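Participant: Using the sequences and the hints given, assemble the complete structure.
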Amino acid sequence: MLVKHEELDNKGAFIASEDGVKIGEMTYSKAGADKIIIDHTEVNENQKGKGIGKILLSKAVDYARENNIKIIPLCPFAKSVFDKDVDIRDVLA
Numbered sequence: 432m433l434v435k436h437e438e439l440d441n442k443g444a445f446i447a448s449e450d451g452v453k454i455g456e457m458t459y460s461k462a463g464a465d466k467i468i469i470d471h472t473e474v475n476e477n478q479k480g481k482g483i484g485k486i487l488l489s490k491a492v493d494y495a496r497e498n499n500i501k502i503i504p505l506c507p508f509a510k511s512v513f514d515k516d517v518d519i520r521d522v523l524a
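Here the sequence shown stands for residues 432 to 524, numbered as in the numbering used here.
Any given hint could turn out to be false.
Said to hold, decoys possible - Derived EDC-like pairs (lysine to aspartate or glutamate); straight-line CA-CA distance at most 20 Å:
1. 510 x 450
2. 442 x 465
3. 485 x 437
4. 442 x 493
5. 490 x 437
6. 501 x 449
7. 435 x 493
8. 510 x 449
9. 453 x 437
10. 485 x 521
What the hints assert, rightly or not - Each pair of labels, with its calculated beta carbon distance range:
11. 521 x 452: 27 to 37 Å
12. 514 x 450: 26 to 36 Å
13. 440 x 518: 29 to 39 Å
14. 507 x 461: 15 to 25 Å
Hints listed in this document are in silico derivations from the structure and should not be mistaken for laboratory results. Since this is a predicted model, take the numbers as computed values, not measurements. Idealized CB from N, CA, C, for every residue including glycine.
Facilitator: And the structure:
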């Protein structure tokens, strides 16, 4: 599986693909210079239960740490992972 990061203006996404086919996506909006708001996570129906959403969130957390920005998890999936995993809460706004 390959995860790539795309940004356009004040929006961005982490996109998971396998064999050239998109299998999941986590989108965000920038909130100023030092915050992003994760607003949506979607995984293809036939890929659910494989941890793809968590991999996408992990990439978002890495991105936040590398760029010294904070995350506001509006997406219910992202919020639930932050609620369960204390090790990634350092990037919460």
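Participant: Now tell me if each hint is right for this structure.
Facilitator: Right, here's what the structure says about each hint:
| no. | hint | in the structure |
| --- | --- | --- |
| 1 | 510 x 450 | 29 Å, violated |
| 2 | 442 x 465 | 13 Å, holds |
| 3 | 485 x 437 | 18 Å, holds |
| 4 | 442 x 493 | 17 Å, holds |
| 5 | 490 x 437 | 12 Å, holds |
| 6 | 501 x 449 | 29 Å, violated |
| 7 | 435 x 493 | 13 Å, holds |
| 8 | 510 x 449 | 26 Å, violated |
| 9 | 453 x 437 | 13 Å, holds |
| 10 | 485 x 521 | 16 Å, holds |
| 11 | 521 x 452: 27 to 37 Å | 33 Å, holds |
| 12 | 514 x 450: 26 to 36 Å | 33 Å, holds |
| 13 | 440 x 518: 29 to 39 Å | 31 Å, holds |
| 14 | 507 x 461: 15 to 25 Å | 21 Å, holds |
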